[in-house]
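K.L.:
Each chain, letter by letter, is given below.
Number of protein chains: 2
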Amino acid sequence: MQRFAVIVAGGRGLRMNSEIPKQFLLLRGKPVLMHTLEAFYVAYPDMQIILVLPIDHIPTWQTLISDHGFKLNHTVVEGGAERFESVKNGLKRCTNGIVGIHDGVRPLITPELIRRCYEQAEERGSAIPVVPITQSLRKLDGERNVPFDRTGVHAVQTPQCFRVEALKLAYQKPFQKAFTDDATVYEAEHGSVHVLKGDELNLKITTLSDLHIAEAILAGTQQQG
Amino acid sequence: MQRFAVIVAGGRGLRMNSEIPKQFLLLRGKPVLMHTLEAFYVAYPDMQIILVLPIDHIPTWQTLISDHGFKLNHTVVEGGAERFESVKNGLKRCTNGIVGIHDGVRPLITPELIRRCYEQAEERGSAIPVVPITQSLRKLDGERNVPFDRTGVHAVQTPQCFRVEALKLAYQKPFQKAFTDDATVYEAEHGSVHVLKGDELNLKITTLSDLHIAEAILAGTQQQG
Chain A
1 MQRFAVIVAG GRGLRMNSEI PKQFLLLRGK PVLMHTLEAF YVAYPDMQII LVLPIDHIPT
61 WQTLISDHGF KLNHTVVEGG AERFESVKNG LKRCTNGIVG IHDGVRPLIT PELIRRCYEQ
121 AEERGSAIPV VPITQSLRKL DGERNVPFDR TGVHAVQTPQ CFRVEALKLA YQKPFQKAFT
181 DDATVYEAEH GSVHVLKGDE LNLKITTLSD LHIAEAILAG TQQQG
Chain B
1 MQRFAVIVAG GRGLRMNSEI PKQFLLLRGK PVLMHTLEAF YVAYPDMQII LVLPIDHIPT
61 WQTLISDHGF KLNHTVVEGG AERFESVKNG LKRCTNGIVG IHDGVRPLIT PELIRRCYEQ
121 AEERGSAIPV VPITQSLRKL DGERNVPFDR TGVHAVQTPQ CFRVEALKLA YQKPFQKAFT
181 DDATVYEAEH GSVHVLKGDE LNLKITTLSD LHIAEAILAG TQQQG
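Protein chains in written order, with my numbering: chain A, 1 to 225; chain B, 1 to 225.
Here chain A stands alone, though its shape is the one from the complex (with noise of 0.2 Å):
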């Protein structure tokens, strides 16, 4: 079974406060982007990765290849405007198999995460991994706002994983606005998709914030381990 995995990393570095992309920040001394990578290929030393990075980041990327000596096979795929077309254009590279779709800026995924999602998304067809929100909710509408079950409610992660051709498949329909993730491209094809247990500590870093907490959360897995 050969196995893909499509990252994008369109980051515009826009929420920031910083000129340098996000998936270009140096996390433990290191770009945030090596660290994903490197988490895909520990989980299968013969998985294809494929980068989709926005045209104007790919000399930087070739740059930071450089300066950190990254050996990494990988293909480099240019993105589109919207991530909705940067995924298909990665998707162009996969053959038959199972393909993971990841945030390039999710750099704390763990292989042993990973194995479990592209095993049942062999298993199950897709895999989408999900963690149940904790926090008390509550919903805003205008002037009015109302407490809000959170009864079953999950946040969802990437990668998220699909059998190749039938991704293909879902990803050939016009975009909508109700495609928030592939799951919601998947299912809009396919009907549904299966969910598995995410883990709490798969950041998505979307500010400086961010970033601090993911060296936080190394620090202390290295800690430990």
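There could be a bad hint or two in this list.
When chains are identical, the list treats them as one kind, so a pair holds in a single copy or across two.
[Said to hold, decoys possible] Below 25 Å or equal to it, Euclidean Cα-Cα: the simulated DMTMM-like pairs (lysine to aspartate or glutamate) are:
# : residue 1 : residue 2
1 : K88       : E123
2 : K30       : D210
3 : K139      : E119
4 : K173      : D149
5 : K88       : D149
Note that these hints are calculated values from the structure, not bench results.
Following the hints, put chain B in place on chain A, whose structure we already have.
P.N.:
Coordinates of chain B only, in the frame set by chain A:
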């Protein structure tokens, strides 16, 4: 206007893989709970602080006060079996004015957010800090799971601030399952609450990872300060 803070710290440490209740764990060398109390004191030096602790934790707290030379004036009150009872016990020590009910394990609360909450409660009768949910959501229901619209969905934080007499009246009702926080207790009597913008970093410490994260946030904040 007299201001009261009821700090509720009933945690048993069960989720922490630690014998030490989480409110007593050290954050930058100082128990979590001391950080929390200090923030309220910095916000308003004339704040009346009521700390609600399980009876068997009171000797530990007294030892920590002595060991850390903690000078801040506060009243210790015995907690009940449930948070609802603990808050009710704390409220008995409050007279006319504004009261904020706060989780003892939210030590990163800033004096600035505390002041905004008390000011708005004085003006509007209640003030509940909330932050938008930014993750994609999915609702699980047995074998089924469906995408879940996060529009307007916010996570609820503390301090939750109210006029003392109004909150005391609300707490006369018998406990109901729907009472997940002070806002829901207040609403059952008074119909609605006022919400305001909370702080993403006002973290609730429920796991050891959260403690590492809090350390990282404090390190980051102090670098900037």
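K.L.:
State for each hint whether it applies.
P.N.:
These are the hints, each one checked on the structure:
no.	hint	result
1	K88 with E123	within (23 Å within a copy, 52 Å between copies)
2	K30 with D210	both (16 Å within a copy, 23 Å between copies)
3	K139 with E119	between (36 Å within a copy, 23 Å between copies)
4	K173 with D149	between (33 Å within a copy, 21 Å between copies)
5	K88 with D149	between (36 Å within a copy, 24 Å between copies)
Hint compliance for this structure: every hint is met.
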